[in-house]
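Residue numbers (the numbering used here), protein chains in the order written: chain A, 36 to 170; chain B, 171 to 549.
These aren't lab readings, by the way, just hints derived from the structure by calculation.
Be a bit skeptical, because a hint or two may be false.
[Said to hold, decoys possible] Derived CB-CB ranges, DEER-like: (1) A/Glu-141 - B/Arg-292: 29 to 37 angstroms; (2) A/Leu-52 - B/Leu-198: 28 to 36 angstroms; (3) A/Val-54 - B/Glu-455: 37 to 45 angstroms; (4) B/Leu-334 - A/Arg-102: 26 to 34 angstroms.
[Stated by the list, open to error] In the DSSO-like style, the derived pairs of lysine-lysine whose C-alpha atoms are separated by at most 30 angstroms in a straight line are: (5) B/Lys-453 - A/Lys-111; (6) B/Lys-298 - A/Lys-133; (7) B/Lys-298 - A/Lys-123.
Even for Gly, the Cβ is constructed at its ideal location relative to N, Cα and C.
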Amino acid sequence: MSKASSSTTKKISSFVLLVIFLTLALSLAALVLAINAFSLNNIAAYYLLLIGFLGVALSAYVLFQTRRRIKHLSIKTPSITTTVECEKCGFKSIREFKRGDYIFREVEPCQKCNENMVITAIYREVQEKKKKTRF
Amino acid sequence: MNKMAAMTALQNQILQEPFGEYSWILNLLFYGVFIVFMFYGQRIQMMVMLREVEGSLYKLKYIKEEGRKIAIETMKEIGKPQTDPTTRVDRFLEYFTISPQTLDPSGVVWKLEHILDVRDTRFKDEIKLMAPAADKTQANNLENTLEAAMALNYIYKIVRHFYLLGKKTLSLYVIMQLQMILPLVMREAEAYASALKAFAYGQPIGDGVGALVAAKLTRGYQTRKIAKDCIVATVPMEGRTAYVVKAEGPGGNVGKPGDAIKAIVEENEGNIATIIMIDAALKLEGEEAGEVAEGVGAAIGGPGVDQFKIEESVLKYHIPINAVIIKEDIGDAVSPMRKEIFDAAHKVTERIKQVILEKTKEGDKIIIVGVGNTIGIGQ
């Protein structure tokens, strides 16, 4: 049950990708030129260094943002647990939810006493990260 | 101006050292950026906002399409229709309800009730046509699935409308308002998205915790139909007679608790010591999901018809009305029931017993109503 759906809206535009990678390539070229310019003691090295760093940072940021949006584009299906109990002997079993399950439905006979078992609980467990707050 | 001159001087001093004779380029760049922001600052801000809204709109479009896909797939799987239900589902998603005129508010509740009844009948007829093989429980679940898909479709269309309107008119205020409420809208859309699968599979949802409490109380006792989609069981509790009411499960259904309470009160000629209503309520940020609180009044949401009827009934015979609520957020309310909320049902049962002991005496008759969608909860 724990899976995420996908869709065509997940695709990144190839034009955007081209622009990102072109900017990245030019910025890297600017950094290489900056290193050369430093060895020649050329003042342009500072400009190239600035352009190179800005370009790398900008393209990395845009790429990260696009990837983050893709990661968010999914509907998560949480794992649902069904608890089945024997009302006579108290035997309890926990399994994954199946379509047609509902609370207080009589299901398969008990493995121990052969009495019909009953679904007593259906729920999902959430592991929440607790943020520390003063309030 | 003095401030700006000082800034320019400081900038010159800093930049002159490493850049020497080329520092004018940076000066020019600085002035350029300053002028651009002075004239186009608002437009840039607007573009940033529009981009943000656009990102959310993409997400909404995806969620909406997924909702439609799930609805169609479920319809095909359960309903076994002879023709493709896609066109019918698409038509259903555009369905609307016009609320009654309130210029003269007298009698508006009955008008609203009538319109809601017509809507419900129309929905059920449509489901029958789309899914002829579905039984009553499945038909109720399919109706809920389609309603969630409808809500997603509506949210998407409204956000798209304001996005395009803002873009067309270039009005900062239209875009700003949309961008400001967007986090809340997205939260609601995500909640409906998780509700879709819960409805399609028939899983109990957080909103059904009231019905769950009632189901636990009625377990093992004979039930009878008391109002449309509502059942009641007569349960002995702490020496009192409790009429426990809930919607008829396990299909997705809220029933008509207002009519059920009215019928029981009339059956007993108003001889009811107290009414206890149990419902899920929206929690405030900072509160824990599954927290139980107690109060007075008719604990019931929805369009207000049932709350009105309950208040009318209790007023006629001056019956005290108590409420026990289980706190959860909107996401928890419409998505599969969380363990914390499920566990809260036990705490609520204890609280009800406490209220009965404190507020009534032996031999009294009381009404306990488990309010909420009973999807995935039998009796």
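- Message: Hinted pair, alpha-carbon criterion (30 angstroms max): B/Lys-453, A/Lys-111. Please report holds or violated.
- Response: Since the Cα atoms of B/Lys-453 and A/Lys-111 sit roughly 23 angstroms apart, the hinted pair holds (cutoff 30 angstroms).
- Task: Just tell me: holds or violated, for the beta carbon distance of B/Leu-334 and A/Arg-102 against 26 to 34 angstroms?
- Result: Holds - the Cβ-Cβ distance for B/Leu-334 and A/Arg-102, about 27 angstroms, lies within 26 to 34 angstroms.
- Task: Take a quick look at whether B/Lys-298 and A/Lys-133 sit within 30 angstroms of each other, Cα to Cα.
- Result: holds (24 angstroms)
- Look at the Cβ atoms of A/Val-54 and B/Glu-455 and judge whether their distance stays inside 37 to 45 angstroms. holds (40 angstroms)
- Range agreement (Cβ of B/Leu-198 with Cβ of A/Leu-52, hint 28 to 36 angstroms): holds (33 angstroms)
- Message: Please check whether A/Glu-141 and B/Arg-292 have a Cβ separation lying inside 29 to 37 angstroms.
- Response: Holds, at about 35 angstroms.
- Verify the proposed pairing of B/Lys-298 with A/Lys-123, using a straight-line Cα cut of 30 angstroms. It is violated: about 40 angstroms lies between the C-alpha atoms, which goes past 30 angstroms.
The earlier numbered hint that this structure contradicts is number 7, and it is the only one.
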